[in-house]
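My request is simple: use the sequences and hints to build the entire structure.
The opening position of the sequence shown corresponds to residue 132 in the working numbering, with each subsequent residue numbered one higher.
Treat the hints as calculated values from the structure; they're not laboratory data.
For every residue, glycine included, the Cβ atom is placed at its ideal position computed from N, Cα and C.
Please note that a few of the clues may not be correct.
What the hints assert, rightly or not - In silico lysine-lysine, BS3-like type, Cα no more than 25 Å apart, as pairs:
1) Lys264 x Lys253
2) Lys334 x Lys324
3) Lys157 x Lys264
4) Lys253 x Lys279
5) Lys172 x Lys162
6) Lys279 x Lys299
7) Lys283 x Lys253
8) Lys299 x Lys283
9) Lys306 x Lys279
Unchecked claim - For each label pair, taking beta carbons as the anchor points, the in silico distance ranges come out as:
10) Tyr166 x Leu308: 38 to 48 Å
11) Ala303 x Thr187: 32 to 42 Å
12) Lys324 x His227: 42 to 52 Å
13) Ser267 x Met179: 40 to 50 Å
14) Lys162 x Ile132: 38 to 48 Å
15) Leu308 x Thr187: 40 to 50 Å
16) Gln285 x His227: 21 to 31 Å
17) Tyr166 x Asp269: 36 to 46 Å
18) Leu185 x Arg213: 27 to 37 Å
19) Met179 x Arg305: 48 to 58 Å
20) Gly331 x Thr187: 50 to 60 Å
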Amino acid sequence: IMCGDGAQRHRHFAKADVGDDYVNGKRARAKGYMYMPETVKQYDADGMEMVICLVTPLWGETEAGFEWDIELHEGLLAIGWRQCEGVPAMYYFDSHGHDCRLVEIVDDLFFCESDAQQEITKATIAALTERYKTVSHDLDPTSFAGYKLTVKRQGSAATTMALSQERKVIEATRKYLPQLLTDVPTTGILEGKALLEQHGSLKLPDASQRTAKLSTEARTADHWRSQILRARHDATSVAHGTPLVVCHELSTEWCVGSSRGHWPTSTVTTASYSPLQPNVARQIFRQMGARRWT
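Set out below in structure tokens:
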């Protein structure tokens, strides 16, 4: 939204990245301690094992990102930035008839300024560098937060900006669907107006013609077997007593065995439940889409 607004109003963009963000953060919790690695353990004069006192957020801790966010928030306020109402990750700065907007994603900052000289942006980067030592920046960015930025300009000001994730799409395709990157002929593949026309002609089937048969016959024995294995795990985890449940579906009876892992070979049609188990059974079969339960 900010990119579209900035391009429409012919504004100027920049980005910055604060290095060693967690090291620069402050621990808002009580002091924490961590055992030293086996290879570098140390002991005091009495032979007691020494530990590391954690005074800054540690990467990987659940709270680390929040504690760094508190530190950056205080740093921006100290410079003169103000937080936008209702948008905690956006800040604004007004100075001598010029204004600048800033959005932050952890340690990545993106600026959108009215001044062609980008004085507010430059002053902010200088102040953050003094506070945090390592701050990289780019006053004419071509990417941000995984997006490729393609800017058309009128003079030095942006007039249009296109955001794309071409590299991300290719990387994901190469990893998950490599077959799509082969040299397959593209003739006959709809695109543009023809694709929109076909999309507009699609209709939902008449609900009165759909039956439960459509949703059950397509499910194979392997599908039900995997569902029942999952249901068995859920039942043995939460139910008290013997979690014995029978599912009647597709004229086939599958049995969820006891917590001892016993799977009966004969058909089981009755079971004794503790007071909690009927509710558990209903929940399991509701998730499995079964029509009847015993």
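Next item on the list: Please name the hints from earlier in the document that this structure breaks, with their numbers sorted from lowest to highest.
Entry: none
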